[in-house]
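Required output: the full structure, derived from the provided sequences and hints.
There are 2 protein chains.
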Amino acid sequence: MTTPNTASSVISSDKVNGTTVYNPAGEKLGSIDSLMIDKLSGRVRYAVMEFGGFLGIGTDRYPLPWEMLKYDPMQGGYVVSLAKEQLEGAPRYAQDTTPEYTDEYGRRVYDYYGLPYL
Amino acid sequence: MTTPNTASSVISSDKVNGTTVYNPAGEKLGSIDSLMIDKLSGRVRYAVMEFGGFLGIGTDRYPLPWEMLKYDPMQGGYVVSLAKEQLEGAPRYAQDTTPEYTDEYGRRVYDYYGLPYL
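Quick note, the sequences are listed as chains Z and R, same order. The numbering used here puts the first sequence at residues 1 to 118. The numbering used here puts the second sequence at residues 1 to 118.
Source of the hints: derived by calculation from the structure; they are not laboratory data. Small disclaimer: the values here were computed from a predicted structure and weren't measured. Mixed in with the good hints there might be a few duds.
As the list claims (entries may be wrong) - With a straight-line Cα cutoff of 20 Å, these simulated SDA-like cross-link-like pairs (lysine to any residue) come out:
hint, chain 1, residue 1, chain 2, residue 2
1, Z, Lys84, Z, Glu50
2, R, Lys70, R, Glu50
3, Z, Lys15, R, Lys70
4, R, Lys84, R, Thr102
5, Z, Lys84, Z, Leu118
6, Z, Lys39, R, Lys70
7, R, Lys15, Z, Asp96
8, Z, Lys15, R, Thr98
9, R, Lys28, R, Pro91
10, Z, Lys70, Z, Tyr93
11, R, Lys39, Z, Ser12
12, Z, Lys15, R, Tyr71
13, Z, Lys39, R, Asn17
14, Z, Lys39, R, Gly42
15, Z, Lys84, Z, Pro24
16, R, Lys39, Z, Val79
17, R, Lys15, Z, Asp14
18, Z, Lys15, R, Ile11
19, R, Lys84, R, Leu118
20, R, Lys39, Z, Gly42
21, R, Lys15, R, Leu40
22, Z, Lys70, Z, Asp33
23, R, Lys39, Z, Gly76
24, Z, Lys70, R, Lys39
25, R, Lys15, Z, Lys28
26, R, Lys15, Z, Thr102
27, R, Lys84, R, Thr20
28, Z, Lys15, R, Thr97
29, Z, Lys70, Z, Thr19
30, Z, Lys28, Z, Thr102
Set out below in structure tokens:
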């Protein structure tokens, strides 16, 4: 007999990657490509969302501050308070052009989503 | 011109996974298979190390408290203060038998490595 995995307090990075991201209206925004982890504190700073393109070609990466994501067991994905239109001007990069995640870049991302960069 | 990635304060989960783990003597202990992330705090709790087996068959997974890992840029891998013999009795599981990471399990892992489970 196995207890459901949700009773566990941790989740594998393998399970996070590939998970669908929805907005509160239930529209699919994208899916998690990878996580960005603060080297010093070990905290997950960003979930990098993949969105756009076709069959993986031309998709963009959107770093989302981790605290924006709420897991919804009903939908089996993350819900982010974000309209599709808000993604249009959001910080993003192409798959092969990962920027350096400096403090300056971090501030730009957090500012865009109206969150304090600590 | 690109600045080296090490100037960045974050690292991608993609880059952590697959990274070699050494002991202070420079012996290879294994490689990182995945990360276990605390759902509530977003902190990385464990790096799950893969070790043993042959060509991926029969390898075991060893959850290591994240704070045990120090990155060594010279070796291009993580260094863990651990003798190979210490792994023999360490908490582990086969790839297809991931246990539930309850507090009880967490305490067992942290106890084994002499670390406080907070």
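Hint by hint, work out which the structure violates, then give me just those numbers in ascending order. 3, 4, 5, 10, 12, 19, 21, 25 and 30
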